[in-house]
Amino acid sequence: MSKKKISRRKFLVRGGLGAIGVLAVGTYVFRNPIRRGIAGALNTGDTPYMGNTSSPIIWFEVTSDNNIILHSPKVEMGQGTFTGLAQMAADELEVSMEQMQVVHANSISGNMDGFATGGSTSISTLWIPLRELAATMREMIKNEAAAKMGTTAEKLSISNGVFSSEGKTMTFAEAVKDVAEWEIPDTPVLKDLKKYKFIGKPIPRVDLKDKVFGTPMYGMDATLPDMLFGSVVRPTAIGAKFIDADISKAENMPGVVKIVKEKDFVGVIANSQTEAENAKNAIEAQWEVERTWQTSDIEAMIAVGEGEPFVIQKEGSAKSILEDSEDTIISEYKSPIGAHAQLEPNGALAFVEENKATIMMSTQVVKITRDEIADRIGLDSDQVNIVPTFLGGGFGRRLHTPNGIQAAVLSKAVGKPVKCFFTRKEEFQNDTFRPPTHHVLKATLDTEGMIEAIEHNVSSGDVAFGSPMLPSIAEPILGADLGAWRGGMIQYGGIPNYRTISWRKKLPFATSWWRSLGLLANTFAVESFMDELAIAAKKNPVEFRLAQIQDDDRGFRLKEVIKAAAEKSGYTEEVIDGRAMGFAASTDVNTPCAQVAEVSIENNQIKVHKVTCAMDPGLAVNPDQVRAQCEGSIIMGMSASMFEKMEVEDGELTPTIYGPYQMATMRNTPKEIDVVLLQNSDVPGAVGEPPLGPIGASVANAVFRLTGQRLREMPLKLG
Amino acid sequence: MKISFVLNGVSKSLEIADGNTPLLWVIRDILDLKGTKFGCGKAACGACTLHVDGNAIRSCSYPIQLVEGKQITTIEGLGNEENPHPVQQAWIEEIVPQCGYCQPGFMMATAALLDKNPNPTDEDIDNAITNVCRCATYYRMRKAIHRAAELNAEINPNTDVQNS
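Which chain is which? The protein sequence lines are F and C, in order. Just so we're aligned: the first sequence equals residues 1 to 719 in my numbering. Just so we're aligned: the second sequence equals residues 720 to 883 in my numbering.
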């Protein structure tokens with residue numbers, strides 16, 4: 001269809017950092033109102049969509065065979081985002097799911113997310129804007145149809161992308177044919193939730209068949225005519241700075257087209273992947289390394305008590321109570337360095353020409369990727385077109401994309417398309433790791449056995465801080481790293497005295513966003529400690545938790561998932577037939593989740609037989625995909641809690657391959673995962689990360705019931 | 720060197736400079752079939768799994784010179800939308816994929832397993848399917864593998880199911 005003049009009338013844009021008061025846990029959370037606002041928005045998920053919602057025609061394309069192509073500014077990295085967005089659009093457009101196709105919007109289309117795909121926000125932030133865009137597009141097409149059919153829009157009914165009136169019909173495709181100028185009407189009133197045919201239904205994924213037949217294009221699958229292969233020399237040592245390289249051996253190797261030496265890296269361009277790798281391995285690079293780091297150095301750095309504390313949550317007078325009491329219970333917990341280990345390595349196919357560049361790649365940050373590349377190769381941002389592909393896993397790893405810059409630099413050097421990827425060893429050694437953490441928890445119980453005061457100290461490497469997504473000016477405003485403390489606040493608002501303290505550590509290697517951020521480690525620590533306190537108080541751990549949750553909407557939803565998980569699993573503290581249950585709960589963004597793990601010990605190994613998961617993400621746009629996210633997150637969370645650990649040995653991060661980097665696989669998968677979905681809110685909330693929270697603690701708590709061993713360090717290992 | 724083999728039922732004859740080139744890169748970059756994925760390059764993750772003479776092979780570590788005269792099947796040759804392989808049909812019914820990157824390797828490993836063991840137990844699956852999926856879709860994959868065994872039995876009712 002033709003796209004021409006666009007009216008200046010804007011849609012209602014939902015924005016701003018509203019709903020500050022919704023952060024119900026704690027009357028004091030940050031002293032500074034800006035900090036409080038940002039913290040509130042992050043904790044409630046009430047963050048705005050940061051992209052162009054002023055015109056439907058950059059979002060929707062009507063094809064001549066009467067299908068709709070949704071150009072998505074959010075990327076599909078596995079969470080089913082394309083499917084949820086298609087359901088939301090189809091319901092307002094009045095087309096069938098079979099008529100919906102979803103593709104990644106290229107950056108030059110103008111439909112670009114100004115921030116990122118991540119943080120479990122794609123469906124929730126587009127919930128209102130996308131349906132408004134679809135409803136508006138429907139009205140625009142309807143007006144064109146009415147004019148062509150010689151009637152008025154009010155007289156038209158719509159079904160499956162076909163208008164009808166008094167026995168005459170017209171398809172969307174016929175209605176939009178030859179339209180040269182669109183008038184954008186006022187935003188229509190959205191349909192009543194009950195009228196939706198697709199939202200709320202377990203529709204099969206829109207990318208299901210493509211992924212089963214092996215046809216979708218991932219970054220690594222991109223090709224262009226005359227494409228060459230690049231390979232960049234990457235350091236193995238922590239903190240290594242590139243000095244120079246001897247390329248004399250590599251230069252004359254078979255298939256080598258060019259070797260490019262820049263101020264910060266050296267790379268090869270060759271005729272094939274194998275030739276590029278071989279030549280790269282023949283380059284002798286010199287690096288400056290200031291210090292040879294070991295795991296013990298990192299563990300010493302990460303200890304609570306080192307550096308500056310920052311109080312992020314405070315209610316009552318926890319500090320003095322805990323200091324004065326002689327019965328204060330204190331426990332320490334630890335989590336290790338974690339790797340993303342996503343299956344598709346980072347890389348890009350870049351083609352830099354005189355006045356333009358095309359970059360095809362897996363990225364979670366289309367705009368940052370585009371701007372960084374433009375800056376490095378000397379083009380304007382609008383001369384660089386990022387063509388996002390399907391992501392072979394994201395998990396936060398593709399929020400940093402210097403790999404795109406390197407491919408572009410190599411392409412510019414030869415004037416041809418160059419595809420350049422990490423090896424697996426390079427992935428493991430140059431990851432933006434989940435930071436190690438150290439937690440010190442303290443509490444006192446009152447005479448009734450309830451918590452009188454509790455304090456959580458969390459020390460972590462950076463997560464959000466230092467990321468290109470967060471301008472450095474945000475660090476002093478925020479004070480504490482919002483990624484590191486995610487999931488770390490005390491969620492039991494019925495406790496009279498509590499506080500949470502964040503300790504920031506800058507580590508010598510890159511640490512950053514890893515699926516669910518601090519939630520995984522923080523929940524492991526806090527919910528294991530809650531179990532210790534319940535045992536000290538001689539109380540049932542479910543009832544112990546329920547009794548200390550505040551009476552408000554957030555508290556109600558948390559209580560409901562706790563009750564549902566306990567009931568559905570038949571939770572008991574008894575060990576039956578060599579199996580014990582462990583209980584834990586978390587609140588991530590606005591999604592509470594409770595899990596019960598059923599565990600036995602076989603050959604001195606922890607075996608998880610069954611996990612019951614009750615989660616309330618609010619309205620589930622696609623309940624089947626919410627379940628899929630719970631199932632996957634539980635196993636990924638088990639993997640991180642029970643197996644995964646990066647070490648620092650003689651200055652290098654290790655291991656560097658799957659296998660030695662132990663992960664949960666098929667044999668560790670519970671035979672039963674029972675997901676109970678509650679929907680105590682009529683708007684969609686976070687889904688892709690919250691179910692990672694409770695699993696580590698629920699397994700550890702079960703192990704304690706079974707063996708009497710309190711495992712306070714991830715990965716969980718029996719003594 | 721000249722290498723001849725059959726790829727998804729079609730005869731291929733190629734001139735390859737280095738016989739040690741991994742089969743994966745020949746399939747992906749020369750023959751342009753992108754369904755077989757690179758994950759680790761060390762046969763540790765299984766993303767590159769395809770069939771050589773019916774056996775599941777991790778093609779990132781399989782030199783091209785070894786395929787002379789052999790039959791290769793990739794995900795593109797396993798089935799298609801009109802005529803899906805039972806493993807693909809089961810994967811669709813169970814809605815297995817998330818990011819999808821590792822899935823062709825898992826489906827190829829599963830198809831080879833079911834060829835040899837038409838009705839695998841959970842333990843057989845644990846021992847045979849050792850690929851890595853970071854989205855951790857294992858729970859649905861296990862269901863899909865059992866479902867594929869059922870579909871196979873429906874298609875070939877005369878085949879004795881040995882392990883049942």
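These are computed hints drawn from the structure, not numbers from a lab. Quantities reported herein were computed from a predicted structural model and do not represent experimental measurements. Keep in mind that the hints are not guaranteed to be accurate.
DEER-style ranges, computed between Cβ atoms [what the hints assert, rightly or not]:
no., chain 1, residue 1, chain 2, residue 2, range
1, C, Glu869, F, Pro471, 53 to 61 Å
2, C, Asn836, F, Val103, 33 to 41 Å
3, F, Asp246, C, Gly738, 38 to 46 Å
4, F, Asp246, C, Asn836, 47 to 55 Å
5, F, Lys195, C, Asn836, 48 to 56 Å
6, C, Asp737, F, Asp246, 20 to 28 Å
7, C, Thr849, F, Thr292, 31 to 39 Å
8, C, Thr849, F, Val575, 30 to 38 Å
9, F, Thr236, C, Gln784, 28 to 36 Å
10, C, Thr840, F, Glu574, 40 to 48 Å
11, F, Ile576, C, Thr840, 41 to 49 Å
Every beta carbon over 12 Å from chain C, so not counted as near; a handful from chain F, in silico [to be verified]:
no., residue
12, Gly80
13, Gly167
14, Val289
15, Phe310
These stretches of chain F come out as covered by chain C in the derived footprint (C-beta under 8 Å, 3 or more residues) [stated by the list, open to error]:
no., region
16, 203-216
17, 658-664
The beta-carbon is built from N, C-alpha and C at its ideal position, and this holds for glycine as well.
Assessment of proposed distance window 53 to 61 Å (beta carbons of C:Glu869, F:Pro471): holds (55 Å)
Could you tell me whether the CB distance from F:Thr236 to C:Gln784 stays inside 28 to 36 Å? For F:Thr236 and C:Gln784 the Cβ distance comes to about 31 Å; the hint holds.
Pairwise beta carbon distance, C:Asp737 to F:Asp246, judged against the given window 20 to 28 Å: About 24 Å separates the Cβ atoms of C:Asp737 and F:Asp246, which means 20 to 28 Å holds.
Within 38 to 46 Å: is that where the Cβ-Cβ distance between F:Asp246 and C:Gly738 falls? For C:Gly738 against F:Asp246, whose Cβ atoms are near 29 Å apart, the range 38 to 46 Å is violated.
Given as covered by chain C, does the region 203-216 of chain F meet the bar of three residues or more with CB within less than 8 Å? Coverage by chain C holds for the region 203-216 of chain F (12 residues, Cβ < 8 Å).
F:Val575 and C:Thr849 - C-beta distance against the hinted 30 to 38 Å: About 32 Å separates the Cβ atoms of C:Thr849 and F:Val575, which means 30 to 38 Å holds.
Beyond 12 Å on every Cβ pair: is that true for F:Phe310 relative to chain C? Label holds. Min Cβ-Cβ 33 Å, cutoff 12 Å.
Taking the beta carbons of F:Asp246 and C:Asn836, is their distance inside 47 to 55 Å? holds (53 Å)
Examine the region 658-664 of chain F for residues whose CB is less than 8 Å from any CB of chain C, and state whether their number is three or more. holds (count 4)
Range hint compliance [Cβ, C:Asn836 to F:Val103, 33 to 41 Å]: Holds - the Cβ-Cβ distance for C:Asn836 and F:Val103, about 40 Å, lies within 33 to 41 Å.
Over 12 Å from every CB of chain C: does F:Gly167 meet that, or does the non-interface label fail? Answer for F:Gly167: holds, closest chain C Cβ roughly 36 Å.
Does F:Gly80 sit more than 12 Å from chain C, CB to CB? violated (7 Å)
In summary, the numbered hints that this structure violates are 3, 10, 11, 12.
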